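Trainee: Spelled out from the first residue to the last, the chains are:
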Amino acid sequence: MKKKIAFGFAILLLAAATIVGSVAFFLSGGLRAREQPGGVEAFIARRLKHLAVPRAAREATNPVAANPDTLSEAMEHFADHCAVCHANDGSGNTDIGNGLYPRPPDMRLPATQDLSDGELYYIIHNGIRFTGMPAFGPAEGEDLDSWKLVHFIRHLPAITEEELARMKEMNPTSPAHLKEEEEMRRFLEGHDDPPSNESKKHH
Amino acid sequence: MFRKLAACTVMALLLAVSALAHGTATHFMGTVTAVDKDTVTIKDKAGKAVVVTLGKATKYLKDKKPAPAADLKVGTRVVIDARMDQKTKKYAAEEIQLGVVETAPRK
Chain A
1 MKKKIAFGFA ILLLAAATIV GSVAFFLSGG LRAREQPGGV EAFIARRLKH
51 LAVPRAAREA TNPVAANPDT LSEAMEHFAD HCAVCHANDG SGNTDIGNGL
101 YPRPPDMRLP ATQDLSDGEL YYIIHNGIRF TGMPAFGPAE GEDLDSWKLV
151 HFIRHLPAIT EEELARMKEM NPTSPAHLKE EEEMRRFLEG HDDPPSNESK
201 KHH
Chain B
1 MFRKLAACTV MALLLAVSAL AHGTATHFMG TVTAVDKDTV TIKDKAGKAV
51 VVTLGKATKY LKDKKPAPAA DLKVGTRVVI DARMDQKTKK YAAEEIQLGV
101 VETAPRK
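Note that the protein sequences, when read in sequence, are chains A and B.
Counting from 1, one number per residue, gives the positions in the first sequence under our numbering.
Counting from 1, one number per residue, gives the positions in the second sequence under our numbering.
Possibly wrong hints are sitting among the right ones.
[Claimed, not checked] Which stretches of chain B does chain A cover? Using the computed rule of at least three CB atoms under 8 Å from a CB of chain A, they are:
#1 62–73
#2 90–103
[Stated by the list, open to error] With a straight-line cut-off of 30 Å between C-alpha atoms, the simulated DSS-like cross-links for lysine-lysine are:
#3 B:62 x A:2
#4 B:73 x B:56
#5 A:3 x B:48
#6 B:37 x B:64
#7 A:168 x B:59
#8 B:62 x B:48
#9 A:4 x B:48
#10 A:49 x B:90
#11 B:89 x B:56
#12 A:49 x B:43
#13 A:49 x B:48
#14 B:43 x B:73
[What the hints assert, rightly or not] With the C-beta cut set under 10 Å, the calculated list includes, among others, these residues of chain A facing chain B:
#15 3
#16 12
#17 93
#18 94
#19 140
#20 141
#21 142
#22 143
#23 145
#24 166
#25 168
#26 183
#27 184
#28 189
#29 192
Don't read these hints as lab results, they were simulated from the structure.
The structure displayed is predicted, hence computed values, not measured ones.
Think of the CB as a built atom: it goes at the ideal place given N, C-alpha and C, for glycine as much as any other residue.
Construct the entire structure; sequences and hints are all you get.
Mentor: Structure, rendered in C-alpha cells:
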C-alpha cells in the first residue's frame, strides 16, 4: 500500500515538474523562432524524419529523365514556388527562411545531397509537419513536377551565376517591387528621377 | 478533435512566425565615393553617406550578368542589396548592381 502511494506521489511530482518546466520554457521565449534548434534536437529530428519516410519511398527512383529541358522547367518551378524560403541558390538565406524554426537547410550541403532521390521527392510531395515545409503537388496520382525538382536540387551545388541571374527574373514579384526595380534600372542607366525612399527595407 | 486542435495550433504558430519574421534586407542606391578591400562608401540620392562591407560572398552584376569586383570604382552608380550583420551591426553587401560611371561627382 505504501509503495503504491509512493509511486503515485512520484508520478504526480513528475507531472507537476513537467508542467512547471513546460510553462517556464514557453514563458521564457520558448516559442521564439529566432534561435536554431540545438544539436540534440536537430539530430533527433533528422533521425525521425529519416525513419518517417517509408522504405519503399526512400528507394523509389526518379521516373523523370534528367536533361536540359527538365532542369530548365524545374528551375523555373523552384524560382516561383520554393525560392521565397530556400533562396534561388538553395542556401535558405532569405528573409522568410531566416525567420523559420527550424531554418530551411542549405540544400547544397551533404545533409540534403546525401538523401536519396526518393527521400527528397517524399519531402517535397508530403511536406514536413511542424516546420515551414508544406506538401506540394496533387495528393493522388503522379507528381512529376516534384520529381523534376529533385533533379534541380541535385544541380544546386553546381549552379552558375548566369542561372541565378535567370532565376531572379522568374521570382514572384509585386507591382510595388516592379516599380522599385524600374526605379533602380533608370538610376543605374544614369537617369536622375526625383528621389523617393533612398533605401527600402523589406519584411 | 485532437487533430483539429493540433492543426489550429500549428497554423497559429506558422502565422505568428511569418508575422514576426522581420528581415533586414535593404537596398541602397547611390554613387560610389570610396572603395577599398573591405568596404564601399556611397553617397545616396539624398546626399547621405552609407558604408557597406564587402565580402567573399558579395556578388557583382552589370546588366544582370556577373561582373568582376574591380568594376566597383569611385563614381560608379550602384544598387546594393545588403543585409544587416547582427554580429557587427553593419550592412553587408550581398549583391551589387553596377551602373554607369559618372564623370562628374554628384552634387
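Trainee: If a hint holds in the structure, say so; if it does not, say that too.
Mentor: Going down the list of hints, with the structure as the test:
Three residues within the 8 Å Cβ limit are the bar, and the region 62–73 of chain B against chain A gives 3, so the coverage statement holds. Taking a C-beta to C-beta cut-off of 8 Å, the region 90–103 of chain B contributes 5 residues in contact with chain A, enough for the three needed, and the coverage statement holds. Among the hinted pairs, residue 62 of chain B with residue 2 of chain A is inconsistent with the structure: their alpha-carbon atoms are about 81 Å apart, more than 30 Å. Between the alpha carbons of residue 73 of chain B and residue 56 of chain B the distance comes to roughly 17 Å, so the proposed pair stays at or under 30 Å and holds.
Note on residue 3 of chain A and residue 48 of chain B: the hinted pairing is violated, with a Cα-Cα distance of about 77 Å set against a maximum of 30 Å. Restraint check: the Cα-Cα separation between residue 37 of chain B and residue 64 of chain B comes to about 23 Å, which is no more than 30 Å; the hinted pair holds. Between residue 168 of chain A and residue 59 of chain B, the direct Cα distance comes to roughly 13 Å. Compliance with the 30 Å bound is thereby established for this hinted pair. Distance restraint check for residue 62 of chain B and residue 48 of chain B: the Cα-Cα separation of roughly 24 Å lies within the 30 Å cut-off, and the hinted pair is therefore satisfied.
With a CA separation close to 76 Å, the supplied pair residue 4 of chain A and residue 48 of chain B exceeds the 30 Å bound. For the given pair, residue 49 of chain A sits about 37 Å from residue 90 of chain B by alpha-carbon distance, which is inconsistent with the 30 Å threshold. Note on residue 89 of chain B and residue 56 of chain B: the hinted pairing holds, with a Cα-Cα distance of about 18 Å set against a maximum of 30 Å. In summary, the hint linking residue 49 of chain A to residue 43 of chain B is not supported, as the alpha carbons are separated by about 50 Å, beyond the 30 Å threshold.
In summary, the hint linking residue 49 of chain A to residue 48 of chain B is not supported, as the alpha carbons are separated by about 50 Å, beyond the 30 Å threshold. Distance hint between residue 43 of chain B and residue 73 of chain B is fulfilled; the C-alpha atoms sit about 13 Å from each other, no more than 30 Å. Here the hint on residue 3 of chain A is broken, as its CB sits about 34 Å from the closest CB of chain B, past 10 Å. With a cut of 10 Å, the hint placing residue 12 of chain A at the interface with chain B is violated, because the nearest CB-to-CB distance is about 24 Å.
Annotation: residue 93 of chain A was flagged as interfacial toward chain B, and the flag holds, the nearest CB pair being 8 Å apart, inside 10 Å. Among the interface hints, the one on residue 94 of chain A holds; its C-beta lies about 8 Å from the nearest C-beta in chain B, closer than the 10 Å criterion. Given the 10 Å rule on beta carbons, the hint for residue 140 of chain A is violated: about 20 Å separates it from the nearest Cβ of chain B. Because the closest C-beta pair between residue 141 of chain A and chain B is about 24 Å apart, greater than 10 Å, the hint is violated.
Below 10 Å, beta-carbon pairs count as interface contacts, and residue 142 of chain A has none with chain B, the closest being about 27 Å; its hint is therefore violated. Because the closest C-beta pair between residue 143 of chain A and chain B is about 22 Å apart, greater than 10 Å, the hint is violated. This hint is violated: residue 145 of chain A has a C-beta 23 Å from the nearest C-beta of chain B, more than the 10 Å allowed. With a least beta-carbon distance of about 9 Å to chain B, the hint placing residue 166 of chain A at the interface is held under the 10 Å criterion.
Evaluation of the residue 168 of chain A hint against chain B yields a held restraint, the C-beta minimum of about 8 Å falling below 10 Å. Below 10 Å, beta-carbon pairs count as interface contacts, and residue 183 of chain A has one with chain B at about 8 Å; its hint therefore holds. With a cut of 10 Å, the hint placing residue 184 of chain A at the interface with chain B holds, because the nearest CB-to-CB distance is about 5 Å. Because the beta carbon of residue 189 of chain A sits about 6 Å from the nearest beta carbon in chain B, less than 10 Å, this interface hint is met.
Of the supplied interface hints, the one on residue 192 of chain A holds, with its beta-carbon coming within about 8 Å of a beta-carbon of chain B, less than 10 Å.
Against the hints set out earlier in the document, violations occur for numbers 3, 5, 9, 10, 12, 13, 15, 16, 19, 20, 21, 22 and 23.
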